[in-house]
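Those protein sequences? They're chains H and G, same order as listed.
For the first sequence, position 51 (counting from the first letter as 1) is numbered 577 according to the numbering used here, and the numbering increases by one without interruption.
For the second sequence, position 92 (counting from the first letter as 1) is numbered 657 according to the numbering used here, and the numbering increases by one without interruption.
I should point out that these hints are in silico values taken from the structure, not numbers from a laboratory.
All values reported here derive from a predicted model rather than from experimental measurement.
Possibly wrong hints are sitting among the right ones.
The following label-pair restraints were derived from C-beta to C-beta distances [what the hints assert, rightly or not]: (1) Lys627/G with Ala604/H: 43 to 49 angstroms; (2) Ala605/H with Arg643/G: 44 to 50 angstroms; (3) Lys616/G with Ser585/H: 27 to 33 angstroms; (4) Thr571/H with Pro573/G: 29 to 35 angstroms; (5) Thr531/H with Arg585/G: 45 to 51 angstroms; (6) Pro635/G with Ala535/H: 36 to 42 angstroms; (7) Arg574/G with Ser572/H: 18 to 24 angstroms; (8) Pro635/G with Arg598/H: 36 to 42 angstroms; (9) Arg579/G with Asn589/H: 47 to 53 angstroms; (10) Glu583/G with Ala604/H: 28 to 34 angstroms; (11) Gly650/G with Ser595/H: 24 to 30 angstroms; (12) Ser579/H with Arg649/G: 43 to 49 angstroms.
Don't be surprised by glycine CBs; every beta carbon is placed ideally from N, CA and C.
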Amino acid sequence: KQEVTQIPAALSVPEGENLVLNCSFTDSAIYNLQWFRQDPGKGLTSLLLIQSSQREQTSGRLNASLDKSSGRSTLYIAASQPGDSATYLCAPSTDSWGKLQFGAGTQVVVTP
Amino acid sequence: NAGVMQNPRHLVRRRGQEARLRCSPMKGHSHVYWYRQLPEEGLKFMVYLQKENIIDESGMPKERFSAEFPKEGPSILRIQQVVRGDSAAYFCASSPPERGEQFFGPGTRLTVL
Numbered sequence: 527k528q529e530v531t532q533i534p535a536a537l538s539v540p541e542g543e544n545l546v547l548n549c550s551f552t553d554s555a556i557y558n559l560q561w562f563r564q565d566p567g568k569g570l571t572s573l574l575l576i577q578s579s580q581r582e583q584t585s586g587r588l589n590a591s592l593d594k595s596s597g598r599s600t601l602y603i604a605a606s607q608p609g610d611s612a613t614y615l616c617a618p619s620t621d622s623w624g625k626l627q628f629g630a631g632t633q634v635v636v637t638p
Numbered sequence: 566n567a568g569v570m571q572n573p574r575h576l577v578r579r580r581g582q583e584a585r586l587r588c589s590p591m592k593g594h595s596h597v598y599w600y601r602q603l604p605e606e607g608l609k610f611m612v613y614l615q616k617e618n619i620i621d622e623s624g625m626p627k628e629r630f631s632a633e634f635p636k637e638g639p640s641i642l643r644i645q646q647v648v649r650g651d652s653a654a655y656f657c658a659s660s661p662p663e664r665g666e667q668f669f670g671p672g673t674r675l676t677v678l
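Could you build the full structure based on these sequences and the hints that come with them?
Printed below as a string of structure tokens:
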């Protein structure tokens, strides 16, 4: 059974600092991994999708790396802004048809 | 291209009533997934459907819960005889025929009194 752990559970940084969010998973036989953000009381917004064959994926200020063999992914957010405040969720999929297994998330607060 | 739509956004039911949650996937998407987020818990997979087929319902409680994705119309998650423990946020996601990235709806927040 896949176990997904996200560290730290919470993070508070001043505006402008870079963010590093860690995700580890126990079953390395994944097909892909998605990073999401969730704002309070809202749905999930997809940030990045990394296929199992990829080492990293970038979108704007976001960069996600994947080390499948060691069961780890890291999300980097450059030059953080108050609007980046949210909970960030990591979700690998070990099924070919895409069932996602979620970590508990990292709650991020970026202070002005 | 409108995103994944869910309705209602909020639903209040008394114990023993039925709850029907609807999900319209993004245009061109043929895969629908339902997830549940219990208070203070993470998101958990419930069921995966394609048009007229349930592919994986391994996360669905064995009783009172059912899901469908008919040829025409939205996907429906149905909860019969609701209990207080069913109070949660229910999210629907869809993905294109080649699968891959999942896009989530805003969720339905069910409160059972």
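Verification of the hints:
{"no.": "1", "hint": "Lys627/G with Ala604/H: 43 to 49 angstroms", "in the structure": "holds, 46 angstroms"}
{"no.": "2", "hint": "Ala605/H with Arg643/G: 44 to 50 angstroms", "in the structure": "holds, 46 angstroms"}
{"no.": "3", "hint": "Lys616/G with Ser585/H: 27 to 33 angstroms", "in the structure": "holds, 31 angstroms"}
{"no.": "4", "hint": "Thr571/H with Pro573/G: 29 to 35 angstroms", "in the structure": "violated, 21 angstroms"}
{"no.": "5", "hint": "Thr531/H with Arg585/G: 45 to 51 angstroms", "in the structure": "violated, 35 angstroms"}
{"no.": "6", "hint": "Pro635/G with Ala535/H: 36 to 42 angstroms", "in the structure": "holds, 41 angstroms"}
{"no.": "7", "hint": "Arg574/G with Ser572/H: 18 to 24 angstroms", "in the structure": "holds, 20 angstroms"}
{"no.": "8", "hint": "Pro635/G with Arg598/H: 36 to 42 angstroms", "in the structure": "holds, 41 angstroms"}
{"no.": "9", "hint": "Arg579/G with Asn589/H: 47 to 53 angstroms", "in the structure": "holds, 48 angstroms"}
{"no.": "10", "hint": "Glu583/G with Ala604/H: 28 to 34 angstroms", "in the structure": "violated, 48 angstroms"}
{"no.": "11", "hint": "Gly650/G with Ser595/H: 24 to 30 angstroms", "in the structure": "violated, 39 angstroms"}
{"no.": "12", "hint": "Ser579/H with Arg649/G: 43 to 49 angstroms", "in the structure": "holds, 45 angstroms"}
In this structure, the hints that do not hold are numbers 4, 5, 10, 11, in rising order.
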